[in-house]
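Sequences and hints are given; from them, build the entire structure.
Protein chains: 2
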Amino acid sequence: MKILVISTVIKDKQKETIMSAAAKAGAEVYFLQSENEITSDLQDAEIVYGFAVKLAKTSKKLKWLCVPSAGVDFLMRPDSFANEECLLTNSAGAYGVTIAEHIIAVSIMMMRNITDYYAASINGKWAVPKPQKSLKDCRITVLGTGDIGTSFARRAKAFEPESIVGVCRSGRCDEAAFDRVMKVEELDSILPETELLVMSLPATKETENILSRERMALLPSDAYIVNVGRGSAIDEDALAEFLDSGRLAGAALDVFRTEPLPEESRLWKTKNLLITPHVAGNLTLEHTLNRNVEMFCEDLINYAEGKEMRYLVDRKKGY
Amino acid sequence: MKILVISTVIKDKQKETIMSAAAKAGAEVYFLQSENEITSDLQDAEIVYGFAVKLAKTSKKLKWLCVPSAGVDFLMRPDSFANEECLLTNSAGAYGVTIAEHIIAVSIMMMRNITDYYAASINGKWAVPKPQKSLKDCRITVLGTGDIGTSFARRAKAFEPESIVGVCRSGRCDEAAFDRVMKVEELDSILPETELLVMSLPATKETENILSRERMALLPSDAYIVNVGRGSAIDEDALAEFLDSGRLAGAALDVFRTEPLPEESRLWKTKNLLITPHVAGNLTLEHTLNRNVEMFCEDLINYAEGKEMRYLVDRKKGY
Chain A
46 MKILVISTVI
56 KDKQKETIMS
66 AAAKAGAEVY
76 FLQSENEITS
86 DLQDAEIVYG
96 FAVKLAKTSK
106 KLKWLCVPSA
116 GVDFLMRPDS
126 FANEECLLTN
136 SAGAYGVTIA
146 EHIIAVSIMM
156 MRNITDYYAA
166 SINGKWAVPK
176 PQKSLKDCRI
186 TVLGTGDIGT
196 SFARRAKAFE
206 PESIVGVCRS
216 GRCDEAAFDR
226 VMKVEELDSI
236 LPETELLVMS
246 LPATKETENI
256 LSRERMALLP
266 SDAYIVNVGR
276 GSAIDEDALA
286 EFLDSGRLAG
296 AALDVFRTEP
306 LPEESRLWKT
316 KNLLITPHVA
326 GNLTLEHTLN
336 RNVEMFCEDL
346 INYAEGKEMR
356 YLVDRKKGY
Chain B
46 MKILVISTVI
56 KDKQKETIMS
66 AAAKAGAEVY
76 FLQSENEITS
86 DLQDAEIVYG
96 FAVKLAKTSK
106 KLKWLCVPSA
116 GVDFLMRPDS
126 FANEECLLTN
136 SAGAYGVTIA
146 EHIIAVSIMM
156 MRNITDYYAA
166 SINGKWAVPK
176 PQKSLKDCRI
186 TVLGTGDIGT
196 SFARRAKAFE
206 PESIVGVCRS
216 GRCDEAAFDR
226 VMKVEELDSI
236 LPETELLVMS
246 LPATKETENI
256 LSRERMALLP
266 SDAYIVNVGR
276 GSAIDEDALA
286 EFLDSGRLAG
296 AALDVFRTEP
306 LPEESRLWKT
316 KNLLITPHVA
326 GNLTLEHTLN
336 RNVEMFCEDL
346 INYAEGKEMR
356 YLVDRKKGY
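Chains A and B are the protein sequences, given in the same order. Take the position in the first sequence, starting the count at 1, then add 45; the result is the number in the working numbering. Take the position in the second sequence, starting the count at 1, then add 45; the result is the number in the working numbering.
Keep in mind that a hint or two might mislead.
If chains are identical, the list can't say which one is meant, so a pair holds when it fits in one copy or spans any two.
[As the list claims (entries may be wrong)] Lysine to any residue pairs mimicking SDA-like chemistry, simulated, CA-CA at most 25 Å apart:
hint, residue 1, residue 2
1, Lys202, Glu220
2, Lys175, Ser114
3, Lys108, Pro123
4, Lys250, Val98
5, Lys316, Thr329
6, Lys175, Pro206
7, Lys106, Lys361
8, Lys181, Leu328
9, Lys316, Asn168
10, Lys69, Ile346
11, Lys314, Arg292
12, Lys314, Gly169
13, Lys108, Thr303
14, Lys170, Ala127
15, Lys56, Gly291
16, Lys316, Asp57
17, Lys202, Ala137
18, Lys170, Asn317
19, Lys202, Arg225
20, Lys181, Asp219
21, Lys56, Val173
22, Lys108, Cys218
23, Lys181, Glu339
24, Lys314, Asn168
25, Lys58, Pro174
26, Lys105, Ala285
Simulated from the structure, these hints should not be mistaken for laboratory data.
Pasting the structure below:
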């Protein structure tokens, strides 16, 4: 049984963890930097950890692909897998901590105009204080109550917001940090009283353009938006118009419909828009990387022992 | 009994709160925008809420000065009060929430290089992700365990740091968010294992230059510093050298030895230094303003009823 581990970021420590799990599973491991390094004698690998999009498309021998990302939208085309039975696991659950920290930081940055002070300081200027908003007493709505949404809610709770309302498909979530959990169908009713809207949704048919122009208009003009899920969830043109005309107080986007964001995008020049280059959940944080590898190894043992795998993606739902 | 309320930021809501307390105390209230508006018939005011530094220096009739700031260092000169018996209260306790949010935001901004991404975005550039640090598993030391330090610790706790150690004069603090509280004399022993040093100290003789060049050298080179107390607590020249030479990972300063920070200061050009213009505790946040006014009104009733006042400053300690 051959396992290919394709990664530019894992270090010796994580390699040892994988080799130890592979030994238990009775498998050989091959470490590669990129999919292009897969030689002909490795084309028959049974398991791949990494973004082996091309191999998945062509290999009928591939039985399990584990991707080190939470989103799997890029693997949802009808021809994504040559082997229709190929298992797919993702790493949703590894990113909650790091993305939650990003959300908290950019939310406060917007509410306190810290970006303006920083921009002034680059030019050696002592800026004039501007009015502030606060997470204290804030009405927060979290669209998507998975690992990211709940990790954020637990942290946000410590800031004494007025409320944290979760919104998800089922309308159910056990996380105690949510004061209330609603169904996606009820989203329109909560938007008018939302002061901070946090979006951490996978890219699926249902989430495509979920924050449409019409829904955006339901938010109060002093609301802030943070999107760390997928860019497809937001009508970007509408957002730019709303921000430029002051019908929203601010937005922080880490994800976009096209990434990298094209040079000619009007978003670069949009008022009160904080752009980060899809870094909320990158793998440079040691904790995230360890968690990612641990999750793969956990399922590697499950796979070898014929047990149910824990991080399996439901290909119909797309997450 | 005349009360002067000197403020440019209070609004009708806060004025009503003050007028209601003044009525109970049997006092007349005069609202002014600045100390320069004190006409001759108001020179004999018994109570002032506001920064009436000149009146305090000259009026023997002034019996109580309440300043809407936490720091009172500017009132600690021997000739600060014409009336030696004049009571002084401050508003320490009103700023914990707002300053704690600032500390969390700038800490994560530094650890995740968000300033770099923002600076790139101003120029329409999609930046390359950089390695991140995290509050998760971080060893945090909080120098100053008053309202600001404890408000920060409670919020930081939600990020699952490895430890939060408080450091204060007494070595005692009831706040449960601190894993340990040490005396200032023991500071040198905790610095080598500190990854984030948060400083929220008043300006006193004891805190002058407390983060000296020698102490700075005890911090590991991957440590971050946040100062929201007073600029006098840090050797600014040493800090600039340590940051420029990579002997510290970053610093976020909201306070400086000279404010506004002079144009010619080398700090503007110092590497990995985030400068904010003394805004961590400004009064533009509604919550802070309300709390500030509530504290004054609470002591106004105490004063009128001859009871012990709650927010009295110990003039010997200087806070």
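Hint-by-hint comparison with the structure:
When the C-alpha separation of Lys202 and Glu220 is checked against a cutoff of 25 Å, the pair qualifies both within a copy, at 11 Å, and between copies, at 18 Å. Taking the shortest alpha-carbon separations for Lys175 and Ser114, only the inter-copy value of 18 Å comes in at or below 25 Å, while the best intra-copy value is 38 Å. For the homomeric pair Lys108 and Pro123, the shortest alpha-carbon distance inside one copy (17 Å) is at most 25 Å, but the shortest distance between copies (81 Å) is not. With identical chains, the CA atoms of Lys250 and Val98 are at most 25 Å apart within one copy only, with a shortest distance of 21 Å there and 64 Å across copies.
In this assembly of identical chains, the alpha carbons of Lys316 and Thr329 lie at most 25 Å apart only when taken from different copies (22 Å versus 30 Å within one copy). Taking the shortest Cα distances, Lys175 and Pro206 sit within 25 Å of each other inside one copy (21 Å), while across copies they are farther apart (31 Å). Taking identical chains as interchangeable, the C-alpha atoms of Lys106 and Lys361 lie at most 25 Å apart only when both belong to the same chain, with a minimum of 22 Å there against 79 Å between chains. Taking CA atoms no more than 25 Å apart as the test, Lys181 paired with Leu328 passes between copies only; the shortest distance there is 15 Å, against 31 Å inside one copy.
Proximity of Lys316 and Asn168 under a CA criterion of 25 Å is satisfied in both settings, with 19 Å inside one chain copy and 14 Å between copies. For a Cα distance limit of 25 Å, the shortest separation of Lys69 from Ile346 inside one copy, 7 Å, qualifies, whereas the shortest one across copies, 73 Å, does not. Taking CA atoms no more than 25 Å apart as the test, Lys314 paired with Arg292 passes inside one copy only; the shortest distance there is 16 Å, against 36 Å between copies. Taking CA atoms no more than 25 Å apart as the test, Lys314 paired with Gly169 passes in both settings, with 22 Å inside one copy and 8 Å between copies.
For a Cα distance limit of 25 Å, the shortest separation of Lys108 from Thr303 qualifies neither inside one copy, at 31 Å, nor across copies, at 65 Å. In this homomeric assembly, Lys170 and Ala127 never come within 25 Å of each other (Cα to Cα): the closest approach is 58 Å inside a single copy and 38 Å across copies. In this assembly of identical chains, Lys56 and Gly291 lie within 25 Å of each other by CA distance solely across copies; the values are 24 Å between and 46 Å within a copy. In this assembly of identical chains, the alpha carbons of Lys316 and Asp57 never lie at most 25 Å apart, being 44 Å within a copy and 31 Å across copies at closest.
With identical chains, the CA atoms of Lys202 and Ala137 are at most 25 Å apart both within one copy (22 Å) and between copies (24 Å). In this assembly of identical chains, the alpha carbons of Lys170 and Asn317 lie at most 25 Å apart whether taken from the same copy (20 Å) or from different copies (17 Å). In this assembly of identical chains, the alpha carbons of Lys202 and Arg225 lie at most 25 Å apart whether taken from the same copy (13 Å) or from different copies (23 Å). With identical chains, the CA atoms of Lys181 and Asp219 are at most 25 Å apart both within one copy (23 Å) and between copies (23 Å).
In this assembly of identical chains, the alpha carbons of Lys56 and Val173 lie at most 25 Å apart only when taken from different copies (20 Å versus 46 Å within one copy). Taking the shortest alpha-carbon separations for Lys108 and Cys218, neither the intra-copy value of 32 Å nor the inter-copy value of 57 Å comes in at or below 25 Å. Taking CA atoms no more than 25 Å apart as the test, Lys181 paired with Glu339 passes between copies only; the shortest distance there is 17 Å, against 36 Å inside one copy. Taking the shortest alpha-carbon separations for Lys314 and Asn168, both the intra-copy value of 19 Å and the inter-copy value of 9 Å come in at or below 25 Å.
Taking the closest pair of Cα atoms, Lys58 and Pro174 come within 25 Å of each other only across two copies (22 Å); inside a single copy the shortest separation is 46 Å, beyond that limit. For the homomeric pair Lys105 and Ala285, neither the shortest alpha-carbon distance inside one copy (45 Å) nor that between copies (59 Å) is at most 25 Å.
Checked against the numbered hints above, the structure violates hints 13, 14, 16, 22 and 26; every other hint is satisfied.
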